[in-house]
Amino acid sequence: MGSEAVEVSLSKKAQPGKARGVALAAYARVPGFYTLFRTELVLAARRRSDIVNPLLFFVTVLAMMPLGIGPEPEMLSRMAPGLIWVMALLATLLSQESLFRGDYEDGSLEQLALQPQPLYFPVLAKVLVHWLVTGVPLALLSPLLGMMLNLGAEGYWPLFVSLVLGTASLSLIGAVGAALTVALRRPGLLLALIIMPLYVPVLIFGTGTVQAALDGYSFGPQLAVLGAILAVAAALAPLASAGAIRISLEN
Amino acid sequence: MQFQFDSLASFFAMDGHGPYVWASYGMVVLVLVVLAVTPVFRQRKLRRELQQQLRQEEARRRAATTRAASQRAAEVVE
Amino acid sequence: MSWQWFHRLGSPRWFYQKSSAWLPWLGGAALSLLSVGVVWGLGFAPEDFKQGNSYRIIYIHVPAAFLALAGYYIMAISGAIGLIWKMKLSFVVMRAAAPIGAALTFIALFTGAVWGKPTWGTYWVWDARITSMLILFFLYLGVMALSGAFSREQSGDKASALLALVGTVNIPIIYKSVDWWFTLHQPATLKLTEASTIDPSMFYPLITMIAGFYLFYAWVLTLHTRTMILQREGRTQWVRELVGASAPAKA
Amino acid sequence: MSSSAYKSSATSPASSAQNSPVDGCSLRARDLSCERDGRVLFAGLDFLLPAGSALQVEGANGAGKSTLIRTLIGSTSDYHGDILWRGKAFPGALSVMRSELLYIGHNAGVRRGLSPMENLAWYGAAAEDAMAALDAVGLYGFEETLCQQLSAGQNRRVALARLYLPGAPQLWILDEPLAALDVAGVESLESCMRGHLQRGGSVLLTSHQPVNIQPLAKVNLADFQPQESHLEAEYGF
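Protein chains in written order, with the working numbering: chain A, -12 to 238; chain B, 458 to 535; chain C, 15 to 265; chain D, 1413 to 1649.
Here chain A stands alone, though its shape is the one from the complex (with noise of 0.2 Å):
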């Protein structure tokens, strides 16, 4: 652990760009946190369809629920919390399938793999930039989704913010699959399999959130132990993903 964080140090001197000139062994081939990610809100911002599907793919499902289990204004809100919970996490899983495809397809993962810098912090930088995209698009629109469903006025606040918190730790989460599924052909039903168990907390504290709320209680207690899940998940998800990763690698 010590020379790895040795390493991680020298890394982050040697930045890009500015190892002209210096001695072989300095050059400077290591991305340091903020290259990869902006690299990958590049890539993000160029590949819109990737944005856009799992927002489309959230609100259509969400349009159709009506249609399914009718349209009366107080079933619709006692079941909004929860359906709009459901849908994220299916809209979060689904956009997470590609988040390690393309890389480990042309070999960019194996060359970040090969750097002497722990793989900690590309895949958070990966991370990050997945739950900024799908995530955070998510819990904006939820307000919208929630005047469709009859959601009560004092339940939009949480709701938000629970979506914030919570498809933060639903995209580290499923970081872990998505690197363990990387080196298969189709694993996106496979994917799932592995992966919704481990999202059952995140559900359950998610809407327990915005329950808590509509029925007029504090819902803070709820929101730190969202907030506990992510912390835990941040500093464990991508140690999982990293040794996922090499495991795929080798295949």
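Just so you know, the hints here were simulated from the structure itself, not pulled from any lab data. If you're wondering where the values come from, they're calculated on a predicted model, not measured in any experiment. All C-beta atoms in this analysis are idealised placements derived from N, C-alpha and C, irrespective of residue type, glycine included. Misleading hints may appear alongside valid ones.
[Unchecked claim] Simulated restraints, written as ranges between beta carbons of each label pair: (1) 1449(D) / 123(A): 36 to 46 Å; (2) 1494(D) / 43(C): 14 to 24 Å; (3) 32(C) / 497(B): 14 to 24 Å; (4) 59(A) / 466(B): 26 to 36 Å.
Following the hints, complete the assembly by docking chains B, C and D onto the known chain A.
What follows is chains B, C and D alone, placed relative to chain A:
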């Protein structure tokens, strides 16, 4: 400690709860037997396959040596 | 060379040869304990004053639930040992433990549902324990599906070991959150099992059954592991000798 | 791990280099055997790759070239024997080795959604260096085109442009670098590799066609086929 039921019939009936209790125990016995028996069958099948494979290899080796021997014999005759 | 025993423990061949001596003892002890426990629990344990005779399902439900959870940890720990020390045997144990654990989880679910009918009047109740069991079942299925999805055996070993490890971190969180969720939605009314209030005359057969299930688990795990060893090591000299020696000269 | 049974088969031209001074040595394999899916691909492989020289790994399809390369870069740890970098053994020396490694594999590591310039910047190149390197591989005028719009050969060149960047790492490991290149491209790459060797770097590559660089040692994996005794050494306990 004594047997809790007056008759075998009441033991099976369990005061009306018999179907539930016996269905549960039946399912458990079924699952446990399947768990214990599948490896035995699979192992038997694996052994058979391996033996067959070994016999094939042995036959191939024997064929190769006899072919080599007959070739050598043919050369000697020439 | 004090570590030699450890690595020999990891040798499938060593395990295969040694375990053949354990099998009859394990199997005999397991089956005798189980039959004693079943007869005791079904016939001689007193009737429950509240639930009547349906409570006798406890003697298989609780041990199965115990083993389902313990089995997950056994699977995850052997997977972790395989990942850390690269022991072939521990991956085999992990793979063998997955279907056994899933079967025991299924037993716990099935007996819980059947027990629920006379107690609650319905087969399925989203009771905290049963819901947790269901999620545990999904976790097992995920590990099994992932280990089978790789065409390369070693990748499947490592990937599913990592997934099992991620699951172990999650299980306590899942249990806690499901528990919390359950108390939120319906305050605890009648629990199927309450260990603290159980009478000794009902408790001793339960202990017998739990011990019997543990022994049975060990026995079946050994059986499955041996079969899988034979399958995996089919190429090796010692398996060929073993199979050849026991082969009746049919050809 | 190692067994004397392997030694008899070590009769390649590269193994004669064992007697040369180890000082300038960079990468070395000793008694190396790799297996994949329970099958031993090669066994008893010995080679030495000193600084300033190149090594070409040969072998038919499926002989284990890719597996050897993946073992050398540390992507898989399924091997027996020793790999040494500057005299220190794997896996301890792996991180040092990786910090001095430039690897271009079968998948080139070029991101389709980025332009060639951006790809090189991701590998840490300054703008003018990247420009010059892309010129050198004949991609002048394509610097800002997205790689997904370039042909397979051009994408390959983007990857190879990393070799033309100044201050390249010591050790190059290249999997089929000459594939999909035209005659001019092959010549340019060869001269680039010669320059690297002159600067004291070393190159390990696989290729199906002859490579015109000096000094070039060759290892043919067909010479290291596992024998029955290896299988027993592998599995017997």
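Hint by hint, here is what the structure shows:
1. Separated by about 43 Å at the C-beta atoms, residue 1449(D) and residue 123(A) satisfy the suggested range of 36 to 46 Å.
2. As the Cβ distance of residue 1494(D) to residue 43(C) is approximately 47 Å, the hint placing it in 14 to 24 Å is violated.
3. Between residue 32(C) and residue 497(B), the C-beta spacing of about 19 Å keeps the proposed range 14 to 24 Å intact.
4. Range check, residue 59(A) to residue 466(B): about 52 Å between beta-carbon atoms, so the 26 to 36 Å window is missed.
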